[in-house]
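**Student:** Given chain C, work out where chain D should sit, using these hints.
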Amino acid sequence: MSRMPPGPPPPPAVQRLRIRFAKRGRLRFTSHRDFQRAFERALRRAAVPMAYSAGFSPHPKISYVGAAPTGTASEAEYLEMAVTERLDPAAVRADLDAALPTGLDLLEIVEALGGSLPERIEASLWELRLPGVPTATLAGAVSRFLAATDITVERRLKDGRRQLDARAPVLHAGVIEDRNCAILRMVVRHVTPAVRPDDVLVGLRQVANLTPPVPPLVTRLAQGLLADGDPATDQLADPLAFDRGCPSERAPAADGTLVASDGASVEDAVGVSAATHG
Amino acid sequence: MTVESLFPRLEPLLPRVSKPIQYVGGELNAQVKAWDGAGGRPMVRWCLHYPDAYEVGLPNQGVQILYELLNETPDVLAERAYAVWPDLERLMREHGVPLFTVDAHRPVRAFDVLGVSFATELGYTNFLTTLDLAGIPLDSADRGDDDPLVLAGGHAAFNPEPVADFLDAAVLGDGEQAVLAITEVVRGWKDEGRPGGRDEALLRLAASGAVYVPRFYDVDYLPDGRIRRVLPNRAGVPYRVVKHTVMDLDAWPYPKRPLVPLAETVHERYSVEIFRGCTRGCRFCQAGMITRPVRERSVTAIGEMVATGVESSGFSEVGLLSLSSADHSEIGLIAKGLADRYEGTNTALSLPSTRVDAFNVELAGELSRNGRRSGLTFAPEGGSERIRKVINKMVTEEDLIRTVTTAYSAGWRQVKLYFMCGLPTETDEDVLAIAGLAKEVIRAGRRVTGRSDIRCTVSIGGFVPKPHTPFQWAGQLDALTTDARLALLREAIGRDRAIGFRYHDGQPGVVEGLLSRGDRRVGAVIRRVWADGGRFDGWSEHFSYSRWADACEQAFTGTPLSLDWYTTRERVLSEVLPWDHLDSGLDKDWLWQDWQDSLTGGEVEDCRWQPCYDCGVCPGMGTEIQVGPTGRTLLPLSPT
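Respectively, the protein sequence lines represent chains C and D. The numbering of the first sequence is this note's numbering, which starts it at 739 and goes up by one. The numbering of the second sequence is this note's numbering, which starts it at 56 and goes up by one.
Keep in mind that a hint or two might mislead.
[Said to hold, decoys possible] Which stretches of chain C does chain D cover? Using the computed rule of at least three CB atoms under 8 Å from a CB of chain D, they are: (1) 751 to 759; (2) 779 to 791; (3) 886 to 893.
[To be verified] Quick list of the computed label-pair ranges, beta carbon to beta carbon: (4) C:807 <-> D:90: 30 to 36 Å; (5) C:807 <-> D:280: 54 to 60 Å; (6) D:588 <-> C:749: 53 to 59 Å.
Simulated from the structure, these hints should not be mistaken for laboratory data. Predicted model, so just to flag it, every value in this text is computed and none were measured. Quick reminder that beta carbons are idealized off the backbone N, C-alpha and C, glycines included.
Pulled out of the complex, with its shape left as it was, chain C reads as follows:
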C-alpha cells in the first residue's frame, strides 16, 4: 500500500536548464555523491526554485550525465535540472556559481530547447599530465598501446575484480610536448562498463611498462558526440550548442585550443594516431 503525504502535490516543472561545470584543483577529489550534495545545497543557498519529486522524501529533479571519477578533474561535466519558475539562465549563473565552493565552478547554463542531453554525449576528451615521464617514453608507450588490438585490464570493484578491454574505446590518442611534463590527450568512447583513464594507464603499463613516478593529473576537457567521419581528431561536438542556438559549434578544449602548447599539432608532435575501432 502506498501512502502519500498530506497537502498539495509539489509545483510542476516549467523549465529545464542545462549546466556545464568544472571540478578543479583539490576539489577534484570530490566523488559524484559529494558533488550532488554540494550542488543541491548550493541550489538552496542560491534560492533557485527547484522542482521536487512527489512523495515522502522529495528530491530535487536533477539528472547528471556520466560523472568523472573521484580524483580526476573536469572542465566538462553536465547536468540538467527542472525549476518551477521561468528563469533567466544568466541570472541563475551568477548566484549559483557564488553559492558553490571554489573549485566546483559553473561554466555555462542554458535553457534546454529540447532533445536529450545524454544522447549528445558519446565520448570524452581526456588530458593526462605525467610529471617525471619523458615525452618520448610516453609517445613510445602510446604507439604500442595503439598498435595492439585488445588490451585486457583488470579493475578492482567493490564486488570483486572485473576484466575489460582498455584498447577498443580509445579512438584517438596523442602526446604533447610540454616544458614540464609529458601530456597525453585521448578521446575515449563511453562504453559499459566504462573505460576510465586509469584503465588506459594500466594498459600502458601492461604493453610498455610505463610506470609514472607520481600519480598523473587527469582532466576531462570535453564531452560530446564524435565528429563525423574523422577519427583522427580530438574534437567533439558541444552538447549544449543546440540549446545555445548554434548547433554547428565545436567543443573547445579548456584552454581554448586544440593544438599542443608548443604550437605543434598533436600528430606532428609524436606521429601517432589511432584508428577508429568498431
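**Tutor:** Same frame as chain C, now just chain D:
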C-alpha cells in the same frame, strides 16, 4: 615566520587512499587566515583536533563553535585537524609527511596550542597517532619550546588522568570563555618573549584557573593500589580545578555559519543547541551531571540562529539539540514556529528527544507535518520498573504503553526503544523484562491501529560507570555476563518478526570503563595498545579487545592492578577517586547519598520544575538554572 602548506607533498598520496576528499578542506564557511597578524600583538594560533575520522569529527558542535569563535577574534587563528585513516597514515610515514590541518594544510606542530576534543575515551589511541604524526613527543615531559601546548577538552576531560602523561593541560566544562582566557594568557607569555619556556606558560594557565595541568599535581598510591592522595606540587596552583560554565547562551550564538563538508559525514544538518545541561537526574548519565545547571537558549535566539544557519549552509535539515530537547520550557512554541516557517520548503526539522510521554509524540508530529512518519525513539533504559527506579528513570510500563500507542495511532510505524544492560543491582530478570515490554508494545500497537505492519526495535548496550555520577562507585558488569544476559534476551524475544534486536557486545564497554575511571597508571596501557597498532577503537572493525587485555596484563604485572580492578571493582566512600581534585560542581556527599538511594529505590525529582535537590552545582559555582518561558514569540521570518 612563514609556514608552508604541506598540500603539495600530500597531494600525490591522495589518489592512493580511500575518500581523499576528507583531507582537502575547502568546506563552505571554512576560513584560512594569514599566519601573521597585522597588528603589533603576537598571533595566537590554535589547531583544533577531533581524534576520530573526519566524517565523525566535522559535524562536532564543540569544534565548530570554538573554530568560529576563535577565528572571529582579532590576532587569533584556528584551523582543524582530524584523525587520518591507517591507509594515509602509512603513506605519510613512508613519505615523511607530518600531520596537517585541513584548512591551510599547515603542519600541526607549528601551532601554539593543540586543542583536542574528547567526546569519548575511545579516541585516546588516535590522539597518540596524532601527536606522533605531527612530530610532537608523546610525553608532555619530553616536549620543548617549539612544540604546541597540548590541551584536552570535551566530556572525557572531566577525568583526563589516563592520558595525563600525554597532555599539557585539560579544560573542564564549557569552552567558549575558556579558550579566550587561555588565548590571552598565551599571548601575554609570547609577548614577553616566552619567559620560563612552556613550564611557565603552563604555570600561568594553571594559576589563572583556566585549566588543569596534570604535571603540577603529584599522585601517591596505597600499597593496595588505591590512591592515597593527590596534591599540587607548585605554589599558586589550585587544590581543585573548577569547571567553566557559560551563563548566557544567547550571548554565544555559535555556530552562526556552520561548516558544510564536501565529504559525506554522520550528520548533514544545521544543529542548534536549544539548552545546555540537564536536571532529570538519571544516575547513569555523565553528560546530565557534568553540564549542570540547565541553561536555555531563548526562543528568539534559536529562531535567529536557525534562520542564519540554514541560509549560510544550504542544509535541508535542522536539529534542535540538547540532552532532552522536549524539556525546553518553550519547546511547543519553538516547534510550531519553525514548522510554520519552513512549511513547504523541504526543510526537515528533527528533535532528538527520547522522552517517554505523549507530549514528545505530539512534538514529533508537529515537526514532521508533511513528512514521512517512519520511526520514533524512546529510552526507558531499564526493562523492569525496579531497575528504572535504581537509575532514576521514572517511567512506568503504563507510561510507555500509552506513549507508544499514541505514536502508532498518530501514524508512526516503527518505535525504537533504548535500553542498557549491566546496570547496578541488575539481574537476568530485569533484562528479560525488556522482551515482555517489547511484546506488549507490539500487542498494543496492533490493537490501536488494526494493522500488522508495525515494528518495534530493541536497542541495547552495556552500561559503563562514569566519573562525576552517582554510579562512579559501582562495579561494572563483566563482558561475559553482559553477553550472556544479552543472549538470554535475544532468546526471550524469539523469532517475532515485528521486533528487531540490536545490541553491542560487552567487550568494548569494558575498555571504555577502564579509560573512563582509570588513573595515571592506565597511560602505560594506552601507550602499549597504540604501539601494538591500536587505532580507531570506537570502530568495531578496528577494535581489538585482546590487544587491550594483553596490554593490561603486561603493564600491570607485579602490581595489584588489573583490568578488573579498574572496571568490575566496586569502590567505597573513603576511596580517593582519580578525579576528586577536578570539580564538576557536584557535591561528593550528595552523589554518594544518591548512589545509596538508588540501591533502596529512592527517587529524585527534576529540579527544573521541583525545588532544589542540593546536588551542589548552583551554590558552589555561583550559577543558577535559566529557564523560560520568556514570553517572546518566534520572528515571523519568511524563508528565502
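**Student:** Please go over all the hints and tell whether each is borne out by the structure.
**Tutor:** Do the hints match the structure? See the list:
{"no.": "1", "hint": "751 to 759", "in the structure": "violated (count 0)"}
{"no.": "2", "hint": "779 to 791", "in the structure": "holds (count 7)"}
{"no.": "3", "hint": "886 to 893", "in the structure": "violated (count 0)"}
{"no.": "4", "hint": "C:807 <-> D:90: 30 to 36 Å", "in the structure": "holds, 35 Å"}
{"no.": "5", "hint": "C:807 <-> D:280: 54 to 60 Å", "in the structure": "holds, 57 Å"}
{"no.": "6", "hint": "D:588 <-> C:749: 53 to 59 Å", "in the structure": "holds, 56 Å"}
In summary, the numbered hints that this structure violates are 1, 3.
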